[in-house]
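Novice: Here is how the chains run, residue by residue.
Number of protein chains: 2
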Amino acid sequence: MTIQARRPPFFLGIDLGGTNIKSGVVDDAGKQISAVSVETHAENGPEAGVRTLAEAGRLALKASGLEWSDIAAVGLGSPGTMDIEAGMLLDPPNLPGWHDFPIRDRLAAMLERPVVFQNDANAAAFGEYWAGAGRGSQSLVLFTLGTGIGCGIVEQGRIVEGRHSHGAECGHLIIQMEGGREHPPGYFGRLEAYASATALVKRAVEALEAGEPSVLQEIHDSGGLSARAVDQAARRGDALANRLMNETARYLAVGATCLMHTIDPDIILFAGGMIAAGTPFLDVIRAEIRRIAFPVPAAKTRVEFAELGGDAGFIGAAGCARAHFART
Amino acid sequence: MTIQARRPPFFLGIDLGGTNIKSGVVDDAGKQISAVSVETHAENGPEAGVRTLAEAGRLALKASGLEWSDIAAVGLGSPGTMDIEAGMLLDPPNLPGWHDFPIRDRLAAMLERPVVFQNDANAAAFGEYWAGAGRGSQSLVLFTLGTGIGCGIVEQGRIVEGRHSHGAECGHLIIQMEGGREHPPGYFGRLEAYASATALVKRAVEALEAGEPSVLQEIHDSGGLSARAVDQAARRGDALANRLMNETARYLAVGATCLMHTIDPDIILFAGGMIAAGTPFLDVIRAEIRRIAFPVPAAKTRVEFAELGGDAGFIGAAGCARAHFART
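Just so you know, the sequences run in chain order W and Y. Per the working numbering, the first sequence runs over residues 992 to 1319. Per the working numbering, the second sequence runs over residues 992 to 1319.
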């Protein structure tokens, strides 16, 4: 990439996670100019944390070859719970001890740049909408499949933040109200309890413990059972693994259908480690959606994998900064 | 009401239903100036239908004491399926034979006024948002409990129409993906199959046929079983009726919670004949929401009955005309 291909103004995106902070500079067309990752060390608390965020931003800027004066605004994505409008972390389980912390304004003061604050899953959805698999759409739903199920919704070009910063918590859709699986403790029948990578492994263990024969038994005995291992066993024709993957696809189709009957977006995207299962997995999701959703959205809604991978968060955060900057 | 209390400009709202057309003039503050109702006679087809719509509008105007020159724009709400953006009815089950009909432009030509087209449930939600129980909110979800469950969503002041005019079809949220009730035929586990007035009666009949003792048996034998009868029996202490009403409230809480974890609105409203069950019914819904939803939205989201009754549709349609008029 030559410097001429970069379209100003530039935006700095920062994606705060419980383990790592990813940051990068993004140009006005959504093109990533740089990307860095540093350890969060959340255990050191929020004061140290905001310095680490600033340092990640400085490293990303340095890697881009640009100057602070080139950066129009900064976007920060973070796990919740949070008050998006106030720029506050409230009680984030992945950042223990970072309670009631005015992270947006603290970072803005440190960087001397305007900072826009957003939920990390929302930022990732906005990233895909702006610069990823959702380019050109007006509305989009992104499910990120990992330990839990993250979700972000862009509707008519705007993030559905929710009035209490709880918009798009769609891993917590109730899809089995009676006799549903319990997760998190005390809550029953939620999508996340069925279709996250964690849930897939849990269902596999249950089946093994119930005596179902499978190549997964040996992997489990050696302590290596993972969503990836289930997928690989399914590809090798293991019957249990195949059933587990197909069930996961069907659960995800239920979640997608609920969003199609609520938001009715242009496109539904899936991201996260589980999409390594590839097109056959996606095709099962698509077939199940066509079976259970209303005919018109079932026929017209695109169902795809996301494109930006682990960079979606900071690219989307930069996009949020750009959108905010354009509005004001 | 004196003529001085009316705030111009004025908008004409028309709510097209399978049986009746309701219409009224609404002022710029959402105040209803007139209301009329005429029979649709859908069986006469769309050409006669559009003349009846125009006639309903003329009657509403006459009842308001205003002139056509006072009417800035007209809003038309209609059942789907439809293409909202194109102003087309596509294949509405409640208006058999009104296929692929450009109803918006036909009505506009007949009335010589700009006409805005909207889904009837969306229009009702916008009515409550603008002039009803949602006044002052930024985002709102309305469930209308009747033969089915209608739903409308207003998010940051705008209707979630969906990209294929299927936004807010939340009666079709899947809340019991395994072993769920079938309704409509071929579809399983949808909210509507559990919590509509029709579903309540169906569940009552099933319980009676299973031999559960209840005062409802006699009512059923005489052919008079209705959601209202179940509610009234519950108030008189009938155990089965009481259980059925409480279950209905719990199903509705599941639907509401799914919307709180998706849209996270200021307020969730319930409308339709079933809200005659009153505050005790609403309190069961509220208690269940507090039990199953995330703590923050559970504590902060208002859960109320709608206020506009059967007028919500035309008031909201008028509001849509006003919103469109203000934008253009």
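Just to be clear, a hint being listed does not mean it is correct.
Note that the list lumps identical chains together, so a pair holds whenever it fits in one copy or between two copies.
Using 25 angstroms as the maximum straight-line C-alpha spacing, the simulated DMTMM-like pairs for lysine to aspartate or glutamate come out as follows [claimed, not checked]:
no.	residue 1	residue 2
1	1193	1169
2	1291	1074
3	1291	1082
4	1291	1076
5	1022	1274
6	1291	1091
7	1193	1238
Since the hints were made in silico from the structure, they are not lab data.
Novice: If any of the earlier hints don't hold here, list their numbers in rising order.
Specialist: Number 5 - this is the single hint that the structure violates.
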